[in-house]
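Visitor: Protein sequence lines correspond, in order, to chains Y and S. So in the working numbering, spot 274 of the first sequence is number 274, and the numbers just go up one at a time. So in the working numbering, spot 11 of the second sequence is number 11, and the numbers just go up one at a time.
Hints were generated in silico from the structure; no laboratory data involved. Just so it is clear, CB atoms sit at the ideal spot from N, CA and C, and this is done for glycine as well. No incorrect hints appear here.
Distance ranges between label pairs, derived from CB positions:
1. Y:264 to S:38: 45 to 55 angstroms
2. Y:274 to S:41: 52 to 62 angstroms
3. Y:399 to S:60: 41 to 51 angstroms
4. S:41 to Y:268: 46 to 56 angstroms
5. Y:88 to S:58: 40 to 50 angstroms
6. Y:88 to S:35: 29 to 39 angstroms
7. Y:249 to S:62: 47 to 57 angstroms
8. S:79 to Y:134: 26 to 36 angstroms
9. Y:92 to S:38: 24 to 34 angstroms
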Amino acid sequence: MSTNRVRVVVTGLGATTPLGGDVASTWSALLDGKSGIRPITEDWVDTVPVKFAGVAAVDPSEVLPRPEARRLDRAEQFALIAARQAWQDAGAPEVDGERLGVVVGSGIGGIGTILSAYDLYREKGWNRLSPFTVPMLMPNGSAGWISIELGAKAGAHSTVSACATGAESIGYGIDMIRSGRADIVVAGGTEAAIHGLNVASFAAARAMSTRNDEPERASRPFDKGRDGFVLGEGAGIVVLESEEHARARGARIYAEAAGVGYTSDAYHITGIDPEGKGGRQAMLSALKDAGIAASDVHHVNAHATSTPLGDEIEARAIKDAIGGHAAVTATKSMTGHLLGGAGGVESIFTILALHERIVPAIANLDNPADGIEVDLVRGEPRKLDGGQIAAINNSFGFGGHNVAVAFTTV
Amino acid sequence: MAVTEQEILAGLGKIVNEITGIPATEVTPEKSFVDDLDIDSLSMVEIAVAAQDEFGVEIPDDQLKHLKTVKDVINFIQA
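Isolated chain S, as found in the complex (with noise of 0.2 angstroms):
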């Protein structure tokens, strides 16, 4: 069964808020990681890492960093 989009993104709010102390509730579909949520290249692999595990898709590196938004990370875990 697919997740939802609401579940998506309240497990990357959690993951977001684990590993940078960011709230989840500003983690929100149009935020980017960069520039809104002032997100290192490190810590988007520490995201990359946990969403892995806790969605159980592989994110590779290539990919990776194509992956600006909130929503750009859901869209690739619902595909």
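Looking at chain Y on its own, in the form it has when it is part of the complex (with noise of 0.2 angstroms):
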């Protein structure tokens, strides 16, 4: 580890998510194992194989104000509404909006206000769309929005890559203050991307679940049973800052965002890698850049969506850069797969679990696949270890993007 580096500490988390309106609720939930998993009640469920998915536990409707509301796309609702969470969290911090970032981005953008205004422009004509259509399509919406909302001029910036969107977005705001960009970043992922189009086109891929009869039991990562993914939504959202800045004015500091590595498969645009070769490389380069052992990773939480190729070959990456000794979670067993959500409402549990030095347990492990050499939590969760400890979230998403973010304890 370079010594002499800036050292870029937690001081603030948001969420809503398919299991709660605020991390706290969704925290509790996963410790107790529930799940975020219903029923689809809109009209288009007949028109495709899926018929369940992790609607967003409470609707932004009831959130935001209507005026505010009608502006953004539900991804955006859902962002505005993590980014003041986290914020708040935070302590609503004091600092120069030229010190002050933004890393959010979106797996897909605002695809519900595209498809529905495309709805209305073909019925109706051009002059009846809202004149926010555009901002509200726009995958970098989010991003602009939360700036105005806190004033923040050092830059703000959406990552696009699919599933690994919300890790890439803390590792870029990682950066960012690293590099002396700023003091404080808010960084993370949205998506709202429940709609028949999207499950169409996962289900065309072959990716989604079809356990209909089961929707609790259909997110089953590492499970012998598993056939793929459960699709959810709402967003994760970080507050980063310098450990100078956050000690400065006595913040409360959840963990220390020690280091990312990022790969690229480069093999196929869907597949992931046979062999796990990107994933691996994308946690050893994580624990180098954090200046950290494998034996101090305690704890992973795995990208482990549920599908039947990328679990097992996650777990022997896993195995090979980290080693068999670290408790594995997959909570996507419980809030299902928020794309580009994912990376931030599962950094945040990775911060969690290292604070408070508990892990959930994954959720409809009945059978685990055969092969699996790391340590699963399976039925109730797991303490951690005290002392100096670590742990890594990874993302991957379609593209080939594997990204590890490296926590540590402070």
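Combine both chains into one complex, guided by the hints.
Guide: Set out below in structure tokens:
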């Protein structure tokens, strides 16, 4: 580890997920092993082979005033809600706007807006469209709105790397602080893609679970009976801060955001490299970047989406990069897969696991797949050891993007 | 049958409230959208779009810029 490098810490957390409208309710549901997956009630459900999803536990319309909500795509609504929570959680820090950045992305962007605006345009013509249609559909809209809300002028960025988006955003935020561009960065991911077209498209890729008779049991990472991922929605956003800035204002510090590793598979546009080389190397790079050893890592929040191929390959990559000692969880078993939001909420879960010293158990893991040589947390949540320990959040995305973020206790 | 001024005012109040959050009771004929109600140009476009749907009249962009007050909009719709 370079000793003179700026250290980055996490001082605020915000989320809205299928398990709860904030971080506390989501975390508590995770520890209780609850499922956020439920039947879809929209009309289009009859047109697709998947009849369930992880719909946000608290609809944004219950939180945002109507005049504000109508100018935001649902993904932006989630992002703004999570960002406000994170900012308040961090104590609404006093910071020069020129030293405050935002990195919030989405895997798909305002797909709900695109589809409904297209219908409106076809039925009623161009001049019936909201003048906010463009900022609602653009994937950088969330970052823009959050920067306006907080007066963040050091740069507002959006990474787009499918299901690795949230983690990549946090990595980019860490880099913004390390490189001296900002003292505080609000970073994470958001997604609102529960729509017939998206479900149909993922189903066309044969990627989704069709366990329609048991929605709550459908997301089962590492289980022999898994048959695909379960679509979820929501956002997870953290406040990253230079340690110096956080200490100077006496902020509560959840964890150090110690390092990040990125690789790309360069193998297949949707399929994972069968040897898991990309994921393994991302974890090794994160260890190196954080200046920690594999033995320091006591916990991994796996990407583990419950697809037949991916989970076992990731388990091997974890075994190779970290070893068999770390407590591995797969929280998508309860939240479903939040796509661009996943890396945000799962980084938050990783941070809380370190901070609270407890790892949520993997739900629906009745019969672990053969040949898995990592320590899967089953049944009850697992307590973590005291002392200085580290944890890694893995997020991988279509396109072959692999991101591993390493957090350590402080 | 022509809509009355009262009906249009009530409809506009609802639209303005929906779009901006300003209480419908503040939307009175003499108010200027920009100076009194603090409504920006994009919000005016939203209001015009909603008013077109509500009252079934077209408000072209070159007309919209002349509609400064609530009364102007009422007159335009009644004309």
